[in-house]
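Novice: Sequences listed follow chains X and W, in order.
Residues in the first sequence are numbered from 37 upward in steps of one, following the numbering used here.
Residues in the second sequence are numbered from 10 upward in steps of one, following the numbering used here.
Since the hints were derived computationally from the structure, they do not count as laboratory data.
In this text, a Cβ means the ideal position worked out from N, Cα and C, and glycines have one as well.
Please note that the accuracy of each hint is not assured.
[To be verified] In the DSSO-like style, the derived pairs of lysine-lysine whose C-alpha atoms are separated by at most 30 Å in a straight line are: (1) Lys302/W x Lys77/X; (2) Lys264/X x Lys295/W; (3) Lys95/W x Lys264/X; (4) Lys302/W x Lys63/W; (5) Lys302/W x Lys344/X; (6) Lys295/W x Lys255/X; (7) Lys77/X x Lys86/W.
[Stated by the list, open to error] Now the stretches of chain X that chain W is said to cover, found in silico as 3 or more residues with beta-carbon under 8 Å: (8) 368 to 382; (9) 447 to 455.
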Amino acid sequence: MERIVTRFVATLRENGIRVSPGESLDAVQALGTCGMQSRRKSRTLLRLTLVKNVNDFPTFNEVFNSFFSRYQFVDPEDDLPALLDAVILEMDGEFTYLNEVRDDHDDEQGPLIKIDSEINPEDLAELKSLTEIDPDDTDGTELQVQMKGYREKAKKPPRPTRRYTQNPLVIELGKGNSYESSITFTTEEQAAMQEVVSRMMLRLRKDMKRMKNNQNRGKLHVIRTIQKNYRHDMVPFQVIMRRKRRDKPRLVVLCDVSFSVSHASKFMLLLLHTLHNQLLDVRSFIYNRDLAEITEMLANMPVNDLMKSIDTGDIIDLDENSSFGEVFLKFKNNHLENLRGRPAFIILGDGRNNYGEANDWVLDEIREKSRYMLWLTPEDRETWSRGDCLMDIYGSYCDKVEVVKSVDDLSLVVEDLLRDIYADQAHPIDRKLLREAKAAEAKSYDSSDYYRRGTNNDSEPVFDPDGRKHW
Amino acid sequence: MVSTITQQTVSDLLKANGYIADEAIATAVFLAIRMEKPILIEGPPGVGKTGLAKALSGALDFPMVRLQCYEGIDEGKALYDWEYGKQLLYTQLLRTQLDNYLSVSADLREAVERLSSEESLFFSKNFLVQRPILRSFLSEKRSLLLIDEIDRSDDEFEALLLECLSDFQVSIPELGVITANRKPLVILTSNGTRMISDALRRRCLYLYIGYPELEREVAIVRAKFPELCEVLARQMVEFLNKARELNLRKSPSVSEALDWAQVLSIMKANQLTPEVVAKTVGVIAKHQTDLQKITDLAVQELAS
């Protein structure tokens, strides 16, 4: 039995579930304690002991069903009879009584392991092909079918306005990320997203925690200090400070959803709202020619539904040409008044105004109300002055303009931004520490000039012991 | 009693205490008792995570020790603390004794040595305040330790729990390691507002309690309110199941179902109609937007 559990654990690990040796010991112990009465029961036992995250349950069920199915060891290339014999020898007597168990209502019918010497390889192959014909049996494949449906929809011919890509860099953007043809996010993509964010959180957490602690320091809390120093005969060795009210940093995001940058926009929205509630207070807007706030929708709707309704143009009309000037004007009229707490302001767009009014003075007003302004554009600097692109004008109002071409770029930019925001609110001491850390990072080993180091202009390179110190 | 327990008796015992457990829950409880491992229970609010602990404490006759977690909880609140006041008071009261005791010594060095040899007097169990975890470890009877809403505490506190949960011991620098007399049955609950670290998960059995199936929920309602007729209970639960699909801000859970059942039985309602729902909607909907959605659903579903 130990061997089977170990092998099952190995399969789980292959499928990305992290199981520690201690947990597999638990599983063996649990099976020993409860005994194996039915397939369903054993599955419950294994799940209780091996899987520690509810998100891993579907994967576990899938692995369980495929692992403990009757044709698990069949691989057409292998020598089947020999393999079967070996397996039978190995399992002999352990599971034979389980063969009768049939009355459970799980996704897949069948005993834990059914190995019958009567079954020959041809039968097994036949059985295997049978299931291939009927893929709708399990949840997994049903989901796949559904996803396929979405993909098909996504592939249908573009609307008239989308027939021409608005600039050549659209293609560049498409190359950079994997969401090229997917309008909705698959579960895997969402899971990957979760992972990106949680990794990011881990990296940020250490810095932020320290800053938060310092931020919370206020005036002396007399009563608690006295209480705490009771043991020292009221000599205040330990000082307790009052806590300050803590603000979550606020963020306002304006995302262009016209075809040229829509992929990046959607990723951005998803990213920020995964962070929302954990670190940030995000208000999101999408625009094209019109402007609409989607904060509430993002919070309450499943992401895929929202992306679909954005795509079908239910929220704002996608067939219009984007117009930054108008959007800024609308933003000023409707939303600028109730921007509270000096938010950081992020605009995602290519700055192509389709030769409309620039209205760049609005940006000046927004700037006054925000602590930080960042513009993300998918276009390279060289093309900013070409055509109808107003990037140079708009960019001059912003604290920073970043070129973002892929999902990875974007997550880096957002991480940097979060650091900056937190640093901005941080205690002066922390700000100093942070600056020093940054400087140290910049100073840290740079290998680009390795071959030139230690040389005086045009003399021969000499051996430089310092250059290898970092090894 | 515990040694004679089997999986069947677990669910029977729980049922006798008004908790209808499904197979996964019964198995988890049985395993936790046998393997002496903590259970980590996750699930949406109001599905009976804490209720399970309460029912278990009644069913197994384990006294319950509850530790409610919150942001900033530390070892002084969870494990143990020194009773400074008492220590101070004792030194004041025993001053004359101390004087006598120390006056024998010839010089200061000897006095210090004499005093330090008695130091353990002041850091003894006499002056130790037992906080929930230590209390449950030192309890005479096997107890049930409920660590509620662990996701509200900080990472540091989680790390603090690791030693307690895997070895059932508490290290106190002044006293050494204190091991549990009787290993308590530990139940941790979490609403999933924060990811619990893998280290903690690894030490526990993991049980996810979601919304119960129709039959079980009807049974739960019937068990708590036997005076409610079967038909109404079923109708109610079916309605709630539909409401859960509405994508509400706060989906009605089992605790809301029970509240609602109570309200309906007080009102002596015998059938669910849109009017009845409209009157009692405040029990199941906890947000203004949800209120409207549920009344709409009632009109749509129950009008005929």
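Novice: Look at each hint and say if it fits the structure.
Specialist: Status of each hint after checking the structure:
1. Lys302/W x Lys77/X: Answer violated: Lys302/W to Lys77/X is near 39 Å, above 30 Å.
2. Lys264/X x Lys295/W: 41 Å, violated
3. Lys95/W x Lys264/X: 15 Å, holds
4. Lys302/W x Lys63/W: Roughly 34 Å between the alpha carbons, so the hint for Lys302/W and Lys63/W is violated.
5. Lys302/W x Lys344/X: Measuring from Cα to Cα gives roughly 22 Å; hence the hint holds.
6. Lys295/W x Lys255/X: Violated: Lys295/W and Lys255/X sit about 38 Å apart, past 30 Å.
7. Lys77/X x Lys86/W: 39 Å, violated
8. 368 to 382: violated (count 0)
9. 447 to 455: violated (count 0)
Comparing the model with each numbered hint stated earlier shows that hints 1, 2, 4, 6, 7, 8, 9 do not hold.
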